[in-house]
Amino acid sequence: MGTAPNKSTAAEQTPHQGFVYLPLIAGWLVPGAGHFLLRKWGRGALIMVSIVAMFTLGLAMDGQIYTGAKDILDLLCTVGDLGNGLMYIVSRVMGLGGDPVMFTTADYGTKFIVVAGLLNVIAAVDAHNLRTGRKS
Amino acid sequence: MLRPSHFSAVLLFALFASTVFAITQRETPQKMFRYGLYCFALFIGSVIVLSWVMFLIAR
Chain E
1 MGTAPNKSTA AEQTPHQGFV YLPLIAGWLV PGAGHFLLRK WGRGALIMVS
51 IVAMFTLGLA MDGQIYTGAK DILDLLCTVG DLGNGLMYIV SRVMGLGGDP
101 VMFTTADYGT KFIVVAGLLN VIAAVDAHNL RTGRKS
Chain V
1001 MLRPSHFSAV LLFALFASTV FAITQRETPQ KMFRYGLYCF ALFIGSVIVL
1051 SWVMFLIAR
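Just so you know, the sequences run in chain order E and V. Numbering-wise, my numbering puts 34 at position 34 of the first sequence, and it's gapless, one number per residue. Numbering-wise, my numbering puts 1047 at position 47 of the second sequence, and it's gapless, one number per residue.
No wet-lab data here; the hints were simulated from the structure. All C-beta atoms, glycine included, are put in the ideal place defined by N, C-alpha and C. Among the hints, a few may not be true.
Calculated Cβ distances over 12 Å to all of chain V for the following chain E residues [to be verified]: (1) Phe19; (2) Tyr21; (3) Val52; (4) Thr56; (5) Ala69; (6) Val79; (7) Ser91; (8) Val93; (9) Thr132.
Footprint (simulated), chain E over chain V, 3 or more residues, beta carbon under 8 Å [stated by the list, open to error]: (10) 1001–1007; (11) 1012–1020.
Based on the sequences and whatever the hints tell you, model everything.
Shown next as structure tokens:
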């Protein structure tokens, strides 16, 4: 009777094979991809819609994409932007994003882009926790 | 270029942030839904309260 929980725990801990950090990296590069890899379709879709919408709305509001660090705040915002993974890289390559803030809405947009990146990091770490069994 | 009002931007921000918080911080769908609503209400409630505080300070 005492061994039954151990058997079920062992069975639950080995549903996924392969590189343990794959959901973390995939989730960072593409929002929700980490959850998709773990067959959490609903969670992945909601995360993808939320983060992609937030990033796109930020760009639509003429938000700034940070490209370098002139001071500590710029550095922090660049780190936040980097959380967007491929969306950030594609935006940099395509030259998207507005100039340094000219309108109030552009400031909102800049913050939307930074926060989308930070939320994506949280989501990628959540996918990693699901992969390691720390969360179900 | 999209030009939402300040409150519209807050509503969108709260909606997306609450969704991600709910999914990542709770384990069951029911708890996620309740936590998402809780976060959304806190976002909007705190914005309204802080707006009134700033309005009263500025008078």
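Here is what the structure says about each hint:
At the 12 Å boundary, the C-beta of Phe19 of chain E stays outside the reach of chain V, the nearest C-beta of that chain being 22 Å off. With a least beta-carbon separation of about 18 Å from chain V, Tyr21 of chain E lies farther than 12 Å from that chain, consistent with its non-interface assignment. Val52 of chain E, annotated as away from the interface, has a beta carbon of chain V within 12 Å; the closest lies near 10 Å. At roughly 10 Å from the closest C-beta of chain V, the C-beta of Thr56 of chain E falls inside 12 Å, breaking its exclusion from the interface.
With a least CB separation of 25 Å from chain V, Ala69 of chain E remains clear of the 12 Å interface cut-off, as annotated. The non-interface label for Val79 of chain E is consistent with chain V: the shortest C-beta to C-beta separation is roughly 18 Å, beyond 12 Å. The beta carbon of Ser91 of chain E sits about 16 Å from the closest Cβ of chain V, which is more than 12 Å, so the claim that it is off the interface holds. Every CB of chain V lies more than 12 Å from the CB of Val93 of chain E, the least distance being 21 Å, so the non-interface label holds.
With a closest Cβ-Cβ approach of about 14 Å to chain V, Thr132 of chain E is found to remain outside the 12 Å limit, as its non-interface label requires. Under the rule that three or more residues need a Cβ within less than 8 Å of chain E, the assignment of the segment 1001–1007 of chain V holds, with 5 such residues. Counting residues of the segment 1012–1020 of chain V whose beta-carbon sits less than 8 Å from any beta-carbon of chain E gives 7, enough to reach three: the coverage restraint holds.
Hint compliance for this structure: hints 3 and 4 are not met, and every other hint is.
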